[in-house]
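J.: This is what each chain is made of:
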Amino acid sequence: MNLDAALKTFIVESREMLVDMENALLTIEQTPDRDESVNAIFRAAHTIKGSAGLFGLDHIVAFTHVVESVLDHVRDGHLEIDDELVVLLLSSGDHLGTLITAIEEGQMSASEALDGVTVPLLAQLRTYVQRAGGPALADASITVSTAVATTREDDARLERIARDGTDPRSHWHISLRFGPNVLRNGMDPLSFIRYLGRLGKIVGIATLPDALPPAAQMDSESCYLGFEIAFSSSASKSTIEGVFEFVRDDARIRIIPPEGRLQEYADLIRELPEQDIRLGEILVHCGSITQHELEEALSIQQNALADAQTAGQADPEVPMLGKILIDQQVVEPQLVDAALEKQKRIIEKKSGDGKAQENKTVRVDADKLDQLINLVGELIIEGATSSLLARQSGNPQLEESTSRLSGLVQQVRDSALQLRMVKIGGTFSRFNRVVHDVARELGKDIVLRLSGEDTELDKTVVERIGDPLTHLVRNSMDHGIEPVERRLALGKPARGTVSLNAYHDSGSIVIEVGDDGGGLRRDKIFAKAVERGLIDPGRVLTDSEVYALIFEPGFSTADTVTNLSGRGVGMDVVKRNITALRGSVDIQSVENVGTTVTVRLPLTLAIINGFQVSVGGSVFVIPLDMVEECVAYSDEGESHYTNLRGEVLPFVRLREIFDLQEPLPSRQNIVVVRHGRQKAGIVVDALNGELQTVIKPLGKVFQRVRAISGSTILGSGDVALILDVPALLQEATEEVPSIPDP
Amino acid sequence: MLHIAGELTIYRAAELKELLLQALGQSSGDLEIDLSGVTEMDVAGLQVLMMAKQAAQALQRNLHLMNHSPSVVEVFEILNVTAFFGDPLVISESPA
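If you read the protein sequences in the order shown, they are chains D and R.
All the letters of the first sequence, read from the start, carry residue numbers 1 to 742 under our numbering.
All the letters of the second sequence, read from the start, carry residue numbers 1 to 96 under our numbering.
Only chain D is shown next, with the shape it has when bound in the complex (with noise of 0.2 Å):
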């Protein structure tokens, strides 16, 4: 149970970790200090492996072993990292998530569907170990990671080499005393021994339960034991250290390297608790050393103990630290660095403040947030019509406590709906791996910019908002950004820019896509229109018009279609998709310059402020972020614009769009709107104030019907219509009032 428990955290952080390989891995190339992304990734793929070594998934530490050894040439600078080893690496990230979901759904092991991917990409990792070519790590790794390729031949080929090693030298020894806290900090030191079998074969082993106490004073969950390891393996002393990296501070680790010299076996002898002649005779017994190197080391280390005038036998409870300590071959800085910064994690995530931010926030279900946002919506119909019985009853006591209520709703209300907000940042970041792969695809070099990443969005726009996205990304590296020969011809930089960009602007969100590349080619548009059918060749477009079509099905002028766009479907759907969630989209373009496309979307979708409105007595909602202003007009026939403050003003009649048979009011009114650059006024009866507005999707039998996006309850239990500005300012801007269903 509390295994499960430690899995599932495996697989969390492994995730973040191969997050941060990735983005490591896609910012290489523009990083300056390439050093500290190499150690991000190499950190990445060791704590992956360290972790998967202690739940024992070992085709998990197999494959990020041969990728942490590319990683170790990589750091050596014996490896470059080029674009060739990032593809490679990140193929290799995909595979490592792949595995890791295998894990989440039960499979601990290997199968012959993964081994299909994980054996061609390890045969590419060692070409790199081996093109790596460094002298000795090198032609360890290489061994070790044959060596750790979970199949049964290479196993035995080991034991052979072990038996075949007849001299006990040949051997590295390691001697372990783990501290007292080892197994109650979930480490068990038996999953460091299995893992280090995983790197060779152990010859022997001796575990020493010397330090046991009488049962009165044991307590069962501290670690007593020590362990002395004779171990055959290939592999470098810095993997083997890498072992025991995560009780690196909690254990005493000596580990001797083959051919050790015998003053390291008196020096491990003479440090270690146990009495020395029972500790040799183990060290003999597990096959470090053989008797008469024993002898040897005793008597080198009685004559230590004599020169330093202690007589006879050595006490065992002096120990004789710092003296000559082997750390000239113990202690590699690297390994240092890394084990302490796993170590300084591992203790901010126990530390009190770890705790404390993890409990700052809590997952919620989208669901029960729905849930609750489908409520706040209903308390706010409800308190509207409390609101209007308590002006009605005329009651000064009531009417001053429904509108206290009120101002509460709308604090429930904005803090409701902020639960929702999440940054646009974590979908922006998405596409660096689009961009690289694209990139990658079509040839070109292309590097992505993001900004206004801290900008906020209703959590289900940023869902729907995706793929629209990631279609006009597309296009425009596709489309948009020229061949590198073309750039050069045209003085631009060969290397072309895609940038992402959000910002709020009245009410709504927008989000730019925008290229450096060879713009929209205006005539060309307009010619294909034209054979399509779509317009009349006499016809006179403004170039926001002309570019508009591209968002007609089955449009596309692109001379060859790639397998990524061009063939005349998705900048339609990108279209619906972005109106079905009450946007617009907008193309601005020059020739050779550029291309940028503003998608703004609403803020939520569920309950906005709004203006009321009404025609005789027909009542409209407008969304009060699009109100600029409201002027009084007195109307002057059949004019579609009017002078403010000295500008052209368009406008349109409610009156007329919706065919209301009213009597006019001797007065009228201009409500100003505003969306994105265009503003137009709306000509209506009555101005009725503010009210919140609970959005309330129009059936299927609406879906035709132009300049309404919704409706919504009033207190008084009416229905009024959501006016749909952005088609109603298209309508006032046009020059002929008809536009073709979006």
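For the record, the hints were derived by calculation from the structure and aren't laboratory data.
You may find that some hints are simply not true.
[What the hints assert, rightly or not] In silico DMTMM-like links for lysine to aspartate or glutamate, alpha-carbon gap of 20 Å or less:
| hint | chain 1 | residue 1 | chain 2 | residue 2 |
| --- | --- | --- | --- | --- |
| 1 | D | Lys368 | D | Glu378 |
| 2 | D | Lys201 | R | Glu7 |
| 3 | D | Lys423 | D | Glu512 |
| 4 | D | Lys237 | D | Asp249 |
| 5 | D | Lys679 | D | Glu628 |
| 6 | D | Lys201 | R | Glu77 |
Go by the hints and put chain R onto chain D.
T.: Just chain R now, with coordinates in the frame of chain D:
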């Protein structure tokens, strides 16, 4: 005869320690521990067994481990502690 079944790990180490010491305290003569039902064992579990073995020896009594389950055998083999307990490793028939 004492049966130990399920996890022989740190999560139950304290409980098992009490259990074993109790068993040692109650009975006289040799104590036999049947490990056929052990599904999982870690170093903490091993330590408790070792502690019991030493405690028994201190009382001049014998403690025998019997019917080692595969999980126990694996640990014993990895850590080479069979000799410490001195009991023959016989894999029990019932798979743990």
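J.: Quick one, are Lys679 (chain D) and Glu628 (chain D) close enough, alpha carbons at most 20 Å?
T.: 9 Å, holds
J.: Can you confirm whether the C-alpha distance between Lys201 (chain D) and Glu7 (chain R) stays at or below 20 Å?
T.: 28 Å, violated
J.: Within 20 Å, alpha carbon to alpha carbon, are Lys423 (chain D) and Glu512 (chain D)?
T.: Status holds; Cα separation ~15 Å.
J.: Hey, Lys237 (chain D) versus Asp249 (chain D), does the alpha-carbon distance stay inside 20 Å?
T.: 18 Å, holds
J.: Does Glu378 (chain D) lie within 20 Å of Lys368 (chain D) when you go C-alpha to C-alpha?
T.: Distance ~15 Å between Lys368 (chain D) and Glu378 (chain D) Cα, so the pair holds.
J.: Lys201 (chain D) and Glu77 (chain R): Cα distance at most 20 Å?
T.: 13 Å, holds
When the structure is compared with the earlier hints, a violation turns up for hint 2 alone.
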